Amino acid sequence: MIFRLNKHLQFPNPELAEPDGLLAVGGDLSTERLMLAYQQGIFPWYSDDTPILWYSPHERFVLYPDELLISSSMKRVLNSNRFKVTYNQCFADVIEACSSVERKDQDGTWITNDMKAAYIKLHHEGHAHSIEIWQENELIGGMYGIAVGDIFCGESMFSKVSNASKTAVIALCQSKKYKLLDCQVHSDHMESMGARMITRKEYMAMLNNIEG
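Per this note's numbering, the sequence shown starts with residue 1, numbered consecutively.
Hints are computed from structural coordinates only; laboratory data are not their basis.
For lysine-lysine, the following DSSO-like pairs were computed, each having C-alpha atoms within a straight-line distance of at most 30 Å: (1) Lys177 <-> Lys84; (2) Lys176 <-> Lys121; (3) Lys201 <-> Lys176; (4) Lys84 <-> Lys116; (5) Lys121 <-> Lys160; (6) Lys176 <-> Lys75; (7) Lys201 <-> Lys177; (8) Lys160 <-> Lys116; (9) Lys179 <-> Lys84.
Computed from a predicted model, the values in this text were never measured in an experiment.
Could you build the full structure based on these sequences and the hints that come with them?
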């Protein structure tokens, strides 16, 4: 059963989500509703031609920083110091790039203009964060997401140069700020770096014991 949200700030029990994770439709992208969603393991994922759709997958694709896999070739990239890493320097540029940079088998059109505005507001209020990757003063990669205590809910990443987005993931994991990177749904890219599936029950247990 898919629930329709109203003006009240509440979500149904995530365990009632459909097999594909779809839980509810409607509502808004206010800071209060978005943070309530993330605190309950729910996130918005929709496009311009649909209403706001809220998901809570029955299995969660996550990366534990201490399980991070760095290939030998990636270690050489990191040791070359060809990239510079910064944090929260140009959040709006990162989310714009995530929405527009072409990528294999995926497009960024699900990051609607309303979502951009909502997450930029979250950033200004201290909830959303970006990692930027630079090469010769050009922004060539990065990622952004929501911090829920010591869990980082990754939303999207982009790369204009090979290995730039991997560098962002590695920098986030090695920052020691988070005990978990929530990747939400499966991707070969993140699996190659050590991400794996856990049950919703395991994920919710971590959410209920957040620190920070």
